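Student: Residue numbers (this note's numbering), protein chains in the order written: chain A, -16 to 475; chain B, 15 to 408; chain C, 64 to 333.
No lab work stands behind these hints: they were computed from the structure.
It is possible that some hints are incorrect.
Claimed, not checked - Covered by chain A, per the in silico footprint, the following chain B stretches (three or more residues, Cβ under 8 Å): (1) 38 to 46; (2) 354 to 365.
As the list claims (entries may be wrong) - Not the full set, but computed from the structure, chain B residues with beta-carbon under 10 Å of chain C: (3) E369; (4) R374; (5) S375; (6) R380; (7) F391; (8) A393; (9) E398; (10) P400; (11) L402.
For clarity, every value in this text was computed on a predicted model and none was experimentally measured.
We put the CB at the ideal spot given by N, CA and C, even for glycine.
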Amino acid sequence: MTATTPSNAVDAPVASTSVGDLVSQPYRYGFVTDIETDKIAKGLSEDVVRLISAKKNEPQFLLDFRLRAFRQWQRMEEPDWAAVGYPPIDYQDIVYYAAPKQQEKKASLDEVDPKLLETFDKLGIPLSEQKRLSNVAVDAVFDSVSIATTYKEKLAEHGVIFCSFSEAVEEHPELIERYLGSVVPIADNYFAALNSAVFSDGSFVFIPKGVTCPMDLSTYFRINSGDTGQFERTLIVAEEGASVSYLEGCTAPMFDTNQLHAAVVELVALDDASIKYSTVQNWYAGDENGKGGIYNFVTKRGLCKGPRSHISWTQVETGSSITWKYPSCVLAGADSVGEFYSVALTNNCQQADTGTKMVHVGERTRSTIVSKGISAGRSSNSYRGLVQLGPKAKGARNYSQCDSMLIGDQAAANTYPYIRSQQPQSAVEHEASTCRISEDQLFYLQSRGIAFEEAVSMMVSGFCRDVFNQLPLEFAAEADKLLALKLEGSVG
Amino acid sequence: MTTAVLQRGSWVEGLLAAHPTAPESSRRQLLEQGLPAAREETWRFTDLAPLLALDPARLQPRAGADGNPNAATDAAVVRLQLDGRGTGLQPAAASAPLPQGLKLEPTPLPLPDAALLSARLHGLTSGPSLQLSLAANARLQLELWLEPAGADALLAPRLLLNLGEGAQLQLAVHLRCNGSSLALPWVEAQLAPGAELTEAWLFQGDATDVLLSGCSVQQAPGSRYSRSAVVKGWALARQEPQVVQSKGAAHTQLRDLAITTDQAVHDLHSRVRFEGPEGTLDQLQKALVDGQAHSIFNGSVQVPQLAQRTDAAQLSRHLLLSERAKVDTKPELEIVADDVRCTHGATVSSLSDEELFYLRSRGIDRLTGAELLRRGFCAEILRELPPLLAQEVA
Amino acid sequence: MTESVSASPALLEVQDLRASVADQEILCGVSLTVRAGEIHAVMGRNGSGKSTLSKLIAGHPSYTVTSGSIRFNGVDVEEMSPEERSRAGLFLGFQYPVEIPGVSNLEFLRVSTNARRQAQGLEELDTFSFEDHLQQRLELVQMDPSFLERSLNEGFSGGEKKRNEILQMALLEPVVAILDETDSGLDIDALRIVAEGVNHLAGPSNATLLITHYQRLLDAITPQFVHVMAHGRILRTGGPELAHELERRGYDWVDEAAGISSRQSAEVGA
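Just need the whole structure built from these sequences, with the hints factored in.
Tutor: Structure below.
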């Protein structure tokens, strides 16, 4: 490579057909739904926490949980170790509860405000009986509340509970009380504590003993209000021998301001249970100058509690102005397995600090990490990971692979893979590399008649193949398209 | 080891009291910045207790031990050793004549980067000092034997190396402490275009000794810097080599081996920064961790935007041999340039069962096989050392 | 084995050997007797269990015998460590010899040769006499002495690794040598060198067990007995003509003859 001069980089041989000439497609989901909402006043205090709890008619244990979390949060400091920068967040300038105005959650979809149904239609998530997806049950969350969940009855026949978090609090309080906060304790970190105090809604999944969930479950998160924080809470419990595949999707309108999204996801897998959690995150990322966009500060953790349990995280992170997210596995049960497959793409001024923690507690636990970071524009993309092998994790194994692809010379790719081992009868292996799309590769593809932009997107999706292979089929195609869309205008 | 562990503040005060003649600026710096707090990110895993267990009032320069070096193997080598007071260097019996451009008198030197603890502590002392300016295309082989004769030694050698264009220096340093001592070697090197500096360090210490080693190297384009260091023994041994390729286009090679047993804490915090294009780095860090030892590696590689076509490879390999030992390893790659090749890898494991089986299937018993594998693990680094130093390790 | 009782003593007797890895049975009752002066070939496709058989004989710790026995020179080897088996004269030529960086090839060869010599009641060789001892054997495998200075197998090509295996065999002078897929990944020249080495070392008092899935090696080393393995069993035993028949008709023929469909065999394949 030493013979090449700087001007010979990507743009030179392909200047005439550069992707830079292509019109960068606008964010497709940036519209705002004009709907009357029930919002409480901005600001956060113990009274606000009580008000949220009261509005949701919550049992005492949940109010206590929120108040404990709030008091913790007040004593905590916002973390500053991530490789991201943003102006201080004014936590008093955020609305902590916003719900579309309709009395109660409707028994039937026919009664849901047509504007909401229309919104989800536009997002490609039709909810109505006739049009809804045939193989996926969907919980649709709009700002702070869940507005509809499809296929509830069909799932109930199998004993599967899939509903909004609020409904679960009403109908299955004993399950909530038992598992809420059992994986992510309230004081786990600043944003988790905040979420625990003010979370409004989210999804709850319970797969009973021995049941393989008959269809994929999915939650679609939509932020609509410009000044509202979204603090949803997801809890998935798979009992002994149960298994489920869960998908999460997210979008938000384009605002000049930043919206805070601080979610908590907890997964619990008992003996021989298996949970596969996939995310395609496409929050609004801000404009090309970094104005606006979502701050996505999310805590996701799974507990492989039982022996031979299995938790797999797959994420495709393309949106948000800032991503701070480390979906993790605590491998407590012997022979349990944790997996993390991630594609994180940043463009323009986006910042992502994402990765995973694999905490090996039990014997012969195994984990795999595959992370693909793509940085374009002036963005910054960091992989931060922890692989920890405790003194009892005899026979544990980890393999990690973190690759970065840089597009353009102003994007940053950082890698901070951290390994801590206290167990000699174990093996940890980490590999990382950095690459770019070389002009030779592009030229080769182009000389075979492949258009420039198609060549770029072929190479990017080739780079991400190991991760896309983990996604459910329809999601994989979607992710591929999304990546191509996000990259337009970034090369050349 | 009867000394109680002092609080950080009183330890610093004790050290200051023992060095009343130290320059005011250095005293102030140490007072203001003190010892790193446990929550500081770069000290998070490194327990300072062995340092605090040293009695600051007793730490003094000590005369050099006799008998080093044992035998002259090469008449062309300049050999220096600690003098009778332990504050200066003198030619050893078998030394070639001192070349021009070599100064051994202590000279007031500006304080090095006080962000590093080793530098802050260094500022208090007037340890043996060596300034070497090597003219263009000059060549020199230099050996230093730094071993205080007794315990409670404060050994703070300072080397300032300035290599002119095309100059070549081969430096071999044998540094050894003999109980309740603190060693603070500090090296600053400037490499002009085409210069080559090859350093080999052997740090040996007793189970009560503390090593805080700092090194700051500036490389001009076309220069080559190669540092190999082997650490054996010590209660706490921390090395902080920092290399900057000021305009890129230079080659840096770092080789480290820590043989960590008993309760030793071995820590390598390296930083390599490329401030121009076409630089290369080849880094291999290895540690053999046994007993209740703790090995820490933090390897930072910085490739900013102007460092196009950097080729950097970093590998960290830990052999974890005991249930009570532990390893913390963290590569840190920060890359902004797009046309680069940067790879890094880290492994932590015990001896390979497959390798052991292969040896056993050839009639080699388990213990001998394990010993062969351990030696093989170390050999990759040891062969970079001059034979005289490598022998000391075996 | 129903061959007429031969005069030469049995060196290796495998009796109804069963073994499993991770709860899956890999060997389902293998019996095999190898006598002094004989060359046997075990053939079978990948996953038939033939490599497992060789690892079990050499005592690999990841494989355990669930029932049956392996006797070497009349002694049950179950309680013997891999090194004891090697010193007693059992040799396994690995399909994939491991690379061990930092361990010098020369030192390794000397330590292992002396371990064997000690067991044989021979004098240990010092550095100098070992090098003489080594010299003739290097010529046998046409290996460049520079390989001795390198780390064990590190950066060796496939052919170089296999020649290094044969060199070890020549040094250890085994009673029974098992060569696991020694022909795989070899070009014609390397294959010839390896075959010559094996033929040279074969004598009336020792025996060789070749494990392979191609006829190729058997053109250069002629076995008296050919065993076809599939699904963890020896399905057929015959003379050299069996290897030719297998080459012509493929492994499916053996399956059919044994009444096992190829679909089943795909499932058993590891």
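Student: Can we keep the A393 of chain B interface hint, with Cβ of chain C closer than 10 Å?
Tutor: Holds. Min distance 4 Å.
Student: Mind checking the CB of E398 of chain B against every CB in chain C and telling me if the closest is under 10 Å?
Tutor: violated, 12 Å
Student: Identify whether the interface hint at R380 of chain B stands, where standing means a beta carbon of chain C within less than 10 Å of its own.
Tutor: Constraint on R380 of chain B satisfied, holds at 7 Å.
Student: Does R374 of chain B hold up as a contact with chain C if the rule is Cβ-Cβ below 10 Å?
Tutor: holds, 4 Å
Student: Return the status of the interface hint for E369 of chain B: holds when the least beta-carbon distance to chain C is below 10 Å, violated otherwise.
Tutor: holds, 5 Å
Student: With a cut-off of 10 Å, does the beta carbon of F391 of chain B approach a beta carbon of chain C closely enough for the hint to hold?
Tutor: Hint on F391 of chain B: holds, closest Cβ of chain C at ~6 Å, below 10 Å.
Student: If you count the residues of the region 38 to 46 of chain B with a beta-carbon closer than 8 Å to a beta-carbon of chain A, do you get 3 or more?
Tutor: violated (count 0)
Student: Count the residues of the region 354 to 365 of chain B with a beta-carbon closer than 8 Å to any beta-carbon of chain A: does the count reach three?
Tutor: holds (count 11)
Student: Under 10 Å, Cβ to Cβ, is where S375 of chain B needs to be relative to chain C, so tell me if that hint holds or is violated.
Tutor: holds, 5 Å
Student: Measuring from the C-beta of L402 of chain B to each C-beta in chain C, is the shortest one below 10 Å?
Tutor: violated, 20 Å
Student: Grab the minimum C-beta distance from P400 of chain B to chain C and call the hint holds if it beats 10 Å, violated otherwise.
Tutor: With a closest approach of 18 Å, the P400 of chain B hint is violated.
The structure fails to meet hints 1, 9, 10, 11 from the earlier list, while all remaining hints are met.
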